[in-house]
Amino acid sequence: MDNLKHKGIFRYFFNCLTILSAAFFTVLSIYCFKSEFIVQSSFIDFSFKFNALSLFFVIFISSVSVFISIFSIKYGEKYDKKPSLFIYSFLFILSMIILVISNDMLTFLIFWELMSIFSFLLVIYEGSEESRSAGFLYFLMTHIGTILITAGFIMLYLKTSSFSFDYYKGAAGIMILAAAITGFSIKAGIMPFHTWLPYAHPVAPANISAIMSGVMVNMAIYGILKFLFVFSSGSNSFLGIILLIIGALSALLGIMYAMAQKDIKKLLAFSTIENMGIIFMGIGISYWADIENFKSLEYLAMLAVLLHVVNHGLSKSSLFMGSGLIDKYTHTRNMEKLGGLSKKMGQLSVMFLIGVMSISAMPPLNGFLSEWYLYISLIGSVFTGNLYMVYFSIIAIALLSLAGAAAGAAFTKLFGITFLGKPRTANAENAAESHIVERIGIAIPVLLCIYIGVYPYQIISSLNAVIFYLTGGTVSSNPFSAVHVINARPFSLYAPALIAVAFTAVLLIVFLYLKSFSSDKKRIFETWACGLDEKNSKAQYSGGGFSSSIMKVFSSFYSSVSEINFEKDVKKYFRSKSVYTEEVNDIFEKYIYIPAGKIYLKISEIFNKAANSANINISLGYLFLSLIACFIIYIFIIR
Amino acid sequence: MNFNVQHLIFGTAQFFIIVVLAPFFAGFIHKLKQRARGQKGIGIFQFYINFNKLLKKELVLSKDATFISNIAPHIVLVSYLIILLMLPAFYRYSLLGVSSDVILIAYSLALATFFMTLYAMDQGSAFGGLGASREWFLTVLSEPSLIFVFISLAIYTKQGRITDIFYFIQKGAANAFLSGIHSGAVSIAIPFLLFISLFIVSISENARIPIDNPETHLELTMFHEANILEASGKHLGIYEYGSYLKLTVFLTVMSLILFPYMAVNIYQIPSALIIYVLKMIILCVIIAGVEIVNPKMRVFRVPNVLSVSFILSLIAMILSIRGF
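Order-wise, the sequence lines are chains A and H.
Residue 446 in this note's numbering is what sits at position 446 of the first sequence, and the numbering runs on without skipping anything.
Residue 1227 in this note's numbering is what sits at position 227 of the second sequence, and the numbering runs on without skipping anything.
Calculated directly from the structure, the hints in this document are not laboratory data.
Keep in mind that a hint or two might mislead.
What the hints assert, rightly or not - Computed list of lysine-lysine pairs in DSS-like fashion (alpha-carbon distance at most 27 Å, straight line):
#, chain 1, residue 1, chain 2, residue 2
1, H, Lys1056, A, Lys521
2, A, Lys521, H, Lys1296
3, A, Lys515, H, Lys1296
4, A, Lys49, A, Lys328
5, A, Lys169, A, Lys159
6, A, Lys515, A, Lys74
7, H, Lys1063, A, Lys337
8, A, Lys74, A, Lys159
9, H, Lys1053, A, Lys295
10, A, Lys521, H, Lys1057
11, H, Lys1296, A, Lys344
12, A, Lys522, H, Lys1053
13, A, Lys538, A, Lys552
14, H, Lys1063, A, Lys538
15, A, Lys74, A, Lys295
16, A, Lys522, H, Lys1171
17, A, Lys590, A, Lys577
18, A, Lys515, H, Lys1057
19, A, Lys515, H, Lys1158
20, H, Lys1053, A, Lys521
21, A, Lys535, H, Lys1296
22, H, Lys1053, A, Lys552
23, H, Lys1056, A, Lys328
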């Protein structure tokens, strides 16, 4: 057994198994498209159905997990001593794939729960104190979410008296939607419920973080799309506006917190919150337009949602894999200790740069494409002239544009501090280029980012099937036909292929011009440092310094504590040593979650004192009382 | 997309004319400022000479520099050039007019900022990091107003492409002028508010005096200059030219808001060109005037000014919604 572990058999076997099963499910779902089958077991029947939405998600999950498995074939080396990682991650991916093809509520909930359990086991995999507390928080939050989702499903069952999704079409009222969407929002890490995400995503091994951030959060999006566009009875359009505004707030606050982070993976985790917010904005507009009957707006916003799911999945998984490589070869994730990695890890830095550009929506990459569709949908919802929608979409435009600029700042910080400049510590100094297999795992999603960004028409025409399934219409995938927002008149056009060609052509002209008209003389010299020749690489700008001025302006978003400790000596200006500490706290965590936890503990203490008395009569009394309470709930509320 | 040879020729001509004129506008502002301060000042065409000289000079690269230092100047320049390819300065059919979406323009500006700040952090100089930090500080604050200005224009005209937007305003203004104010839906308040809002944004984005002072190399006052402190030779030349182009982009959009007059056929081109240059010179005088009367302000007072710009563009957006 130890010998097997030593050779990494588990790693090869389970990663190859993941790739094979991903391929199997992709082929299966394409082959069995629009058919359904039931797997009977002794106690429960699992029923599955392949429709356009599940096909899209199966292909998405499979392809991202294939890249990540290729990456972990080499990256997983250091986890060979404890190979449970590979087994769990295989089962984790498998449960997600089966989740999206399940067609009844029990199958859905069972695989949803399996997904949560396996991801929980992966979060606590490292076994450190940090990962255990993050795992506990994740376990707690995700189960609150599961309770709410289950409640939504139970209400659906009571209404339709069926387990099958086929009978749920148009059955979900506002209560069911509210319960289920709140539950799914917890999984997606939307703003008031996000606290677990920045703890749980970074502590897992990097390949798992990539799956969790790139794929797992999108399962919540799958659930919401299913509830809002398939199960919804379509009565209350205000829900769409709520989703829009919550999404916009998540987008802004997520990226604002991302900017304050030192830990690379934590920054990326907060950026996931931002991107989930952007996806929620699109869902909100699309749902609102669905009910208010603005058809072309609905299709556009849905396209923005689906494209952003793909784009975020690709770029975020590549960035998380990149952060894993940084961690592996420098043994730190703290960007204040890194720097100058671009010279040591040249190819990784190019791929990381493209991932960073894609996620901070720089044209002509894919991140901008989906954000552009979202902006156009927001402008379209202003055109609808509905009082509430106009009001809230203007707010959303403001928040989104602020978030877009802040994303640029946050990712400039991430790339600039980590990869550029001089190495700040010996860790960064001794970095080495990663293994070719690891780089291939990152290169595929990065190349796909460029491909989708420059030539999206292929994927848009494929996504049209999903858009048709959800909304009953399609978006034009013709490169030169302008977008319509609410009426038949063309509104605007972003032709990525044209822009990319123009960009390359102009770049070539500039290059040739400079080649022929400028001097080729070149000298390598030191960076100018005011004439000082002190070689102190810590004298560079730090990550904290980079974001401090923006954080100062938006200080109301943070609850940050910073202090400088001096040694108590006499000299005021020539101190030998001073320690600067800064911690940025989440306002939600500080003002909602921690007080709520304290109150909960207090109440349970009271109950504990009362219930744990040795008297058996009192215990029986409690049992009787709770039975009566259950009856009352059943009779008066559920019936 | 219908292909028209005339559009191609004049679109290309328009692009090259603006690119060639860009250092002139910057030089003109510089000259005005110097004369107003009582200095003799440089020649108006000095910036052309500077650019030429910088191209001939030796390139000094830091030994800590990576590939970013080599590609960033080019990408910054090309992003501005791409925006100029979209702008209908005096001819309605610009070369990339078919894809000249306003959001794309705003994000292309962000792309240039992104690469310029990466360049700044590339050499491991503390000044570079400082400049990058301050540049993003300004961009985060001015990006919402910039996007609001553009989106208000889009909502006001119900068009998303910048060529269509200004053609719509031009037609509306011409109708109102020729056949009385009642004939067309034309607003004076919206362009006025947007003009002031965009003026504030362009002062901050182009490193002009109340916000930044590009003429000093003192680390306390540097925004833009700190980013390119390590640049030399042709890289510095590209960055300088890029800053003239950025100024021209903003001035051109302002000139179009101020008085949209774009040629739609070959006969109108001479008059449109003359009017364009006149408008630009007037705007240069205004910018120079603002720069002369104001002292540089404290960094943390900049948000107040930029929030004024944001509020103005918000008001303009609310006014433009009233049309439905």
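Hints not upheld, ascending by number: 2, 3, 4, 6, 8, 9, 11, 15, 16, 17, 19, 21, 22 and 23
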